[in-house]
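J.: Here the protein sequences line up with chains G and P, keeping their order. Going by our numbering, the first residue of the first sequence is number 3, and it counts up by one from there. Going by our numbering, the first residue of the second sequence is number 42, and it counts up by one from there.
Derived by calculation from the structure, the hints in this document are not laboratory data. Backbone N, C-alpha and C define an ideal beta-carbon position, used for all residues, glycine too. A couple of the hints might just be wrong.
Claimed, not checked - Per label pair, the in silico range of CB-to-CB distance:
no.: 1; chain 1: P; residue 1: Ala-112; chain 2: G; residue 2: Arg-224; range: 38 to 44 Å
no.: 2; chain 1: G; residue 1: Asp-309; chain 2: P; residue 2: Tyr-92; range: 44 to 50 Å
no.: 3; chain 1: P; residue 1: Asp-94; chain 2: G; residue 2: Arg-322; range: 23 to 29 Å
no.: 4; chain 1: P; residue 1: Ala-112; chain 2: G; residue 2: Thr-273; range: 18 to 24 Å
no.: 5; chain 1: G; residue 1: Thr-273; chain 2: P; residue 2: Trp-72; range: 46 to 52 Å
no.: 6; chain 1: G; residue 1: Ser-78; chain 2: P; residue 2: Leu-194; range: 20 to 26 Å
no.: 7; chain 1: G; residue 1: Phe-164; chain 2: P; residue 2: Val-51; range: 44 to 50 Å
no.: 8; chain 1: P; residue 1: Ala-50; chain 2: G; residue 2: Ser-78; range: 30 to 36 Å
no.: 9; chain 1: G; residue 1: Gly-270; chain 2: P; residue 2: Trp-72; range: 35 to 41 Å
no.: 10; chain 1: P; residue 1: Glu-49; chain 2: G; residue 2: Arg-322; range: 29 to 35 Å
no.: 11; chain 1: P; residue 1: Lys-109; chain 2: G; residue 2: Arg-224; range: 45 to 51 Å
no.: 12; chain 1: P; residue 1: Arg-154; chain 2: G; residue 2: Val-42; range: 47 to 53 Å
no.: 13; chain 1: P; residue 1: Arg-191; chain 2: G; residue 2: Thr-239; range: 46 to 52 Å
no.: 14; chain 1: G; residue 1: Met-346; chain 2: P; residue 2: Tyr-92; range: 21 to 27 Å
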Amino acid sequence: MSKRTVEMALATPGVDAEGRPTRVPLATQEPDLGGEHLLVNIGPQHPATHGVLRLVVELDGETVVRCIPHVGYLHSGFEKLGEYRHYNQIIPLTDRTDYLSPMANNVGFALAAEKLMGIDITPRCTVLRVIACEMSRIISHMVWLGTTSIDLGAFTPFLWAFQERERIYDLQEMWTGARLTTSVTRVGGLMADIPDRFVEKLREFTQTFPKTLGEIDRVLTRNAVWVGRTQNVGALTAAEATNYSLSGPMLRASGVGYDVRKDKPYLGYETYDFDVPVGEHGDVYDRYLVRLEECYQSNRILQQAVDRLPDGPINVDDPRVILPSKTRAMSDMEAMIFHFKQVMEGVKAPVGEAYIGIENPKGELGNYLVSDGTAKPVRWRIRPPSFINLSALPKMAEGHLLSDLIAINASVDIVMGEVDR
Amino acid sequence: MIPGALREAVARDGETIVYVPRERLLDVMTWLKETPGQEFDYLVDVTAVEYRDRERPLEVVYFLRSLKRRADIRVKLELDPSEELWVDSVWELWHGADWLEREVFDMFGVTFRGHPDLRRILMWETYAEGYPLRKSFPLRGRFSRAEQVRQALNANPEAHYSLEELSIADAAGDLPDEMRDRLRRGERGVIPEPPSP
Numbered sequence: 003m004s005k006r007t008v009e010m011a012l013a014t015p016g017v018d019a020e021g022r023p024t025r026v027p028l029a030t031q032e033p034d035l036g037g038e039h040l041l042v043n044i045g046p047q048h049p050a051t052h053g054v055l056r057l058v059v060e061l062d063g064e065t066v067v068r069c070i071p072h073v074g075y076l077h078s079g080f081e082k083l084g085e086y087r088h089y090n091q092i093i094p095l096t097d098r099t100d101y102l103s104p105m106a107n108n109v110g111f112a113l114a115a116e117k118l119m120g121i122d123i124t125p126r127c128t129v130l131r132v133i134a135c136e137m138s139r140i141i142s143h144m145v146w147l148g149t150t151s152i153d154l155g156a157f158t159p160f161l162w163a164f165q166e167r168e169r170i171y172d173l174q175e176m177w178t179g180a181r182l183t184t185s186v187t188r189v190g191g192l193m194a195d196i197p198d199r200f201v202e203k204l205r206e207f208t209q210t211f212p213k214t215l216g217e218i219d220r221v222l223t224r225n226a227v228w229v230g231r232t233q234n235v236g237a238l239t240a241a242e243a244t245n246y247s248l249s250g251p252m253l254r255a256s257g258v259g260y261d262v263r264k265d266k267p268y269l270g271y272e273t274y275d276f277d278v279p280v281g282e283h284g285d286v287y288d289r290y291l292v293r294l295e296e297c298y299q300s301n302r303i304l305q306q307a308v309d310r311l312p313d314g315p316i317n318v319d320d321p322r323v324i325l326p327s328k329t330r331a332m333s334d335m336e337a338m339i340f341h342f343k344q345v346m347e348g349v350k351a352p353v354g355e356a357y358i359g360i361e362n363p364k365g366e367l368g369n370y371l372v373s374d375g376t377a378k379p380v381r382w383r384i385r386p387p388s389f390i391n392l393s394a395l396p397k398m399a400e401g402h403l404l405s406d407l408i409a410i411n412a413s414v415d416i417v418m419g420e421v422d423r
Numbered sequence: 042m043i044p045g046a047l048r049e050a051v052a053r054d055g056e057t058i059v060y061v062p063r064e065r066l067l068d069v070m071t072w073l074k075e076t077p078g079q080e081f082d083y084l085v086d087v088t089a090v091e092y093r094d095r096e097r098p099l100e101v102v103y104f105l106r107s108l109k110r111r112a113d114i115r116v117k118l119e120l121d122p123s124e125e126l127w128v129d130s131v132w133e134l135w136h137g138a139d140w141l142e143r144e145v146f147d148m149f150g151v152t153f154r155g156h157p158d159l160r161r162i163l164m165w166e167t168y169a170e171g172y173p174l175r176k177s178f179p180l181r182g183r184f185s186r187a188e189q190v191r192q193a194l195n196a197n198p199e200a201h202y203s204l205e206e207l208s209i210a211d212a213a214g215d216l217p218d219e220m221r222d223r224l225r226r227g228e229r230g231v232i233p234e235p236p237s238p
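Just chain G, with the same shape it has in the complex (with noise of 0.2 Å):
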């Protein structure tokens, strides 16, 4: 194992005959501890570990010999719930697994849905859910980006970003009634159509938010400390990132420039134009830069899904499938019967399984339905983007400092939530 060499010239304990404050070094190498290990615990209950996980860290010296996560104290077995709910009933659920984006969420669960139920939804409600995969995109991002900087030591762009994320959670709030449970789509639509001046508001946001992201982009990326922190430090090479199954911006950070919206798309997402930015090196610092140009790009999907916003229903036409109105369910004894057999019943599937991946801001959701033809799927199951990122936190941390640990941790991009589900 390659061993770091630590110097600083920090300390000025005096003036030399020129008057020049001397700068001694504090210490020229790190201190010999005789080849015995520390075991350090970080965590579960710690700042830096964005949650509860717990890391179990094998030191020699300050040097990182082997780290092992622990998992699985927010486990709330959301899957095996599942089995015991309606489709609609499970939506909620999504909400709380990748709780920094839960409107992608709800969009992912209710195209697996679709897709197993062969429903075709509508044109206006695509585009809705678009911008729903968008703003999800950057309020993960941001909380990525806050939370990071703050690791590494830099206070200001955490608050930018959190200002830029509140927007965002005023617009969720103004379209669901909720910011952080939204759970805006159902089986064939979405819960509500979006409000008076939400575009408005929406088109506003895109407008000031790349200011937002230049004056992050110009306190970070040529900052001494910030790249010092970041460069090579916890680099994946190409062929690593896809042996280890990363997804989303930890792959693409190592070259390999696979985005779902791109290769397999979903929701009309080929006829947006957007570019999806690939890193070099597979460092901490490159994954920075692949976070911040998406939330460009993402900036820049939303422009254009604002512009095409068409009119129209946002639910399927189909009795079976969409709750009638509450007007409709207490006048016409049609309507009433649909709506009885939907609350008590349920939307049936027929038998089958379905899988759909799509790019959350964390990696790539799968959300993988087996139905036998009941009104509640026989297994639910949750591609964790984050779970599997994560996994590859003990080959990353290998051979680094301790401090380069927590770095590389954060740039997981991890939630709890997700990864113990």
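Mind docking chain P on chain G? Use the hints.
T.: Chain P in isolation, oriented as in the chain G frame:
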């Protein structure tokens, strides 16, 4: 037809499903990964499905992808739930299988032979209620809430570390006798069988 496959089917979402006998799994997977024209170099997911119909076999499902060809395939393996559930691990081919296989082991009790570190991942090592995603497992767990609380309160803090970790910390001397025995034998400890329903 892929050599070694039992049969092929098409899922409702249009994806090809290949059924493979358990004995040929590694051959088929190696063939899929390394044959030019196949090159499934990316493991998307590993999971298992147990049907409500007790007669149907438990399925272990592998989602494979070729990043180069932008193609997906699904490989399934059928296991008889009344017999011992084991599969060969594909960790050698895709390291991403590490946690995914551990999760299937944790949730369904399927043993992956040749996995470098097969232990529970979402539930704790001494979890004794069985395998949560099996259909025979009740939604609220096998033990009463009172029993679960009692066990949690009686848990030994050392149990939060795996034996491997304790061996690093030289903590063996402070361990309870039973755990020290396990450590000496180099065992992870036996995961208790779930009580018969």
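J.: If a hint holds in the structure, say so; if it doesn't, say that too.
T.: Structure-based check of all given hints:
1. P:Ala-112 with G:Arg-224: 38 to 44 Å: 41 Å, holds
2. G:Asp-309 with P:Tyr-92: 44 to 50 Å: The hint (44 to 50 Å, Cβ to Cβ) holds, given that G:Asp-309 and P:Tyr-92 are roughly 47 Å apart.
3. P:Asp-94 with G:Arg-322: 23 to 29 Å: For P:Asp-94 and G:Arg-322 the Cβ distance comes to about 25 Å; the hint holds.
4. P:Ala-112 with G:Thr-273: 18 to 24 Å: Cβ of P:Ala-112 to Cβ of G:Thr-273: about 22 Å, so the range 18 to 24 Å holds.
5. G:Thr-273 with P:Trp-72: 46 to 52 Å: Hint violated: Cβ distance 37 Å, outside 46 to 52 Å.
6. G:Ser-78 with P:Leu-194: 20 to 26 Å: Holds - the Cβ-Cβ distance for G:Ser-78 and P:Leu-194, about 21 Å, lies within 20 to 26 Å.
7. G:Phe-164 with P:Val-51: 44 to 50 Å: 47 Å, holds
8. P:Ala-50 with G:Ser-78: 30 to 36 Å: Between P:Ala-50 and G:Ser-78, where Cβ atoms are some 33 Å apart, the hint holds.
9. G:Gly-270 with P:Trp-72: 35 to 41 Å: 36 Å, holds
10. P:Glu-49 with G:Arg-322: 29 to 35 Å: For G:Arg-322 against P:Glu-49, whose Cβ atoms are near 32 Å apart, the range 29 to 35 Å holds.
11. P:Lys-109 with G:Arg-224: 45 to 51 Å: Between P:Lys-109 and G:Arg-224, where Cβ atoms are some 35 Å apart, the hint is violated.
12. P:Arg-154 with G:Val-42: 47 to 53 Å: Violated: the Cβ-Cβ distance is about 33 Å, outside 47 to 53 Å.
13. P:Arg-191 with G:Thr-239: 46 to 52 Å: For G:Thr-239 against P:Arg-191, whose Cβ atoms are near 49 Å apart, the range 46 to 52 Å holds.
14. G:Met-346 with P:Tyr-92: 21 to 27 Å: 24 Å, holds
In the structure shown, a violation is registered for the earlier hints numbered 5, 11, 12, in ascending order.
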